[in-house]
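Listed here are the chains, written in short residue letters.
There are 2 protein chains.
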Amino acid sequence: MLRSCAARFRALGAPRGSARRSFASENVPDRDHALPNFSWHKDLRLLFDQFMKKCEAGSWKRLPSYKRSLPETVQDFQTLYVDPKLLKKQPISQAQLFTRSFEDGLGFEYVMFCNDAEKRVVCFFQGGPHLQGTPGFTHGGAIASIIDVTTGTCAFRAGGAVMTANLNINYKRPIPLCSVVVIKSQLDKVEGRKFFVSCNVRSVDDETLYSEATSLFIMLDPNKKLT
Amino acid sequence: MLRSCAARFRALGAPRGSARRSFASENVPDRDHALPNFSWHKDLRLLFDQFMKKCEAGSWKRLPSYKRSLPETVQDFQTLYVDPKLLKKQPISQAQLFTRSFEDGLGFEYVMFCNDAEKRVVCFFQGGPHLQGTPGFTHGGAIASIIDVTTGTCAFRAGGAVMTANLNINYKRPIPLCSVVVIKSQLDKVEGRKFFVSCNVRSVDDETLYSEATSLFIMLDPNKKLT
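These protein sequence lines map, in sequence, to chains E and W. For the first sequence, the UniProt record's numbering gives the first residue as 1, with consecutive numbering after it. For the second sequence, the UniProt record's numbering gives the first residue as 1, with consecutive numbering after it.
Take these hints with a grain of salt, some might be off.
Note that the list lumps identical chains together, so a pair holds whenever it fits in one copy or between two copies.
Using 20 Å as the maximum straight-line C-alpha spacing, the simulated DMTMM-like pairs for lysine to aspartate or glutamate come out as follows [as the list claims (entries may be wrong)]:
#1 Lys225 x Glu207
#2 Lys85 x Glu207
#3 Lys172 x Asp83
#4 Lys85 x Asp205
#5 Lys172 x Asp221
#6 Lys184 x Asp49
#7 Lys172 x Glu191
#8 Lys67 x Glu103
#9 Lys189 x Asp32
#10 Lys184 x Asp205
#11 Lys54 x Glu212
#12 Lys67 x Asp104
#13 Lys189 x Asp206
#14 Lys54 x Asp43
#15 Lys172 x Asp206
#16 Lys194 x Asp104
#17 Lys194 x Asp116
#18 Lys172 x Glu207
#19 Lys67 x Asp43
#20 Lys172 x Asp205
#21 Lys194 x Asp49
Calculated directly from the structure, the hints in this document are not laboratory data.
Could you build the full structure based on these sequences and the hints that come with them?
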């Protein structure tokens with residue numbers, strides 16, 4: 001049942017067709033953002049091409065990513081996991097996935113690849129000029145966000161619908177604005193509904209360790225509604 | 001010397017005129033975003049009004065906030081703290097502060113107040129529809145971001161230019177999208193250049209604890225340039 005909710009699949013970048021319902025193409029609310037656009041640095045394109053070749057070999061899979069969930073799929077999610085009292089207060093007409101809510105090149109440019117057999121997710125990330133913190137560097141909150149997305153996807157691939165319970169990030173070196181980095185995440189342990197994931201953020205040449213993090217995610221339970 | 005760098009003051013919301021240089025009004029790149037706009041929920045306006053009255057009494061101070069740092073002030077910051085080799089690679093023309101890079105009402109709406117005597121910073125935050133994570137709820141990365149901003153400002157008020165070294169967040173309850181929350185931060189300890197800050201995120205009525213976090217910030221040292 002957990003794996004049948006289209007909202008989770010769409011929110012975490014799963015391809016159309018993997019969810020319970022199928023939708024006509026005219027209902028697609030926006031394009032797949034996990035594909036190259038004009039703003040991508042050559043390093044990001046190169047990494048993308050390398051992993052697309054790995055996908056052809058079969059062990060890795062690219063994860064599509066969308067700004068909006070379809071209204072029907074949101075309804076599916078809410079029916080399963082959200083307390084009905086809360087729903088009246090929730091405006092969804094303008095809702096967009098946080099890390100996809102920027103124009104091309106200005107915010108989060110990224111693509112994720114998963115290896116389900118090895119319980120790993122890799123994210124190639126380019127932080128645009130609207131993610132600035134200290135002048136000339138990517139904001140610590142933006143780094144936390146892409147770490148949350150990557151590790152959350154790693155947990156989701158193993159356990160279905162999850163929410164973040166803990167995020168613990170060590171920032172080792174600042175990331176220059178607009179540079180490309182590689183985030184490698186790994187599911188370390190599962191205890192009941194708890195999914196423990198770790199990750200590191202490195203430069204493309206692997207020589208610089210920018211950040212390390214651990215994350216804990218809790219698998220959602222339809223019997224314990226979100227309130 | 002640390003307190004004289006205008007870039008830090010602007011990045012962390014200090015008023016114009018508190019930095020070393022003074023600038024003519026025609027150079028102001030954008031407006032102060034830490035003031036009410038059409039999108040603010042009545043709860044956010046009420047909290048703002050309450051704390052503006054406290055400001056009149058003298059113990060609290062509202063912190064203005066801007067999208068962009070002035071080019072001259074960025075140059076000041078880079079001269080002090082950044083390795084010259086890195087500067088060639090850094091595009092700043094489009095750079096904007098991450099948490100101010102959304103249109104009014106769609107992203108991070110917030111105002112911070114500080115009490116320097118008590119080493120506290122309070123942030124009133126309304127997360128807009130473009131900060132969605134799980135359908136209907138604010139993204140964990142967006143929550144991490146506003147926590148980083150609030151605790152970072154708390155450290156900055158005590159120590160000047162700082163960067164995040166650790167962020168450890170426990171997410172207790174999901175925050176419904178577009179709701180208003182209160183983030184209270186407190187400087188707990190200073191050890192050399194290390195500034196330890198803690199905070200919690202609660203509902204306006206104080207009844208719901210959404211998140212708790214600890215943060216560690218390192219005061220920047222002009223003798224150890226960012227590379």
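- Numbers of the earlier hints that this structure fails to satisfy, in rising order: 9, 11, 13, 16, 19, 21
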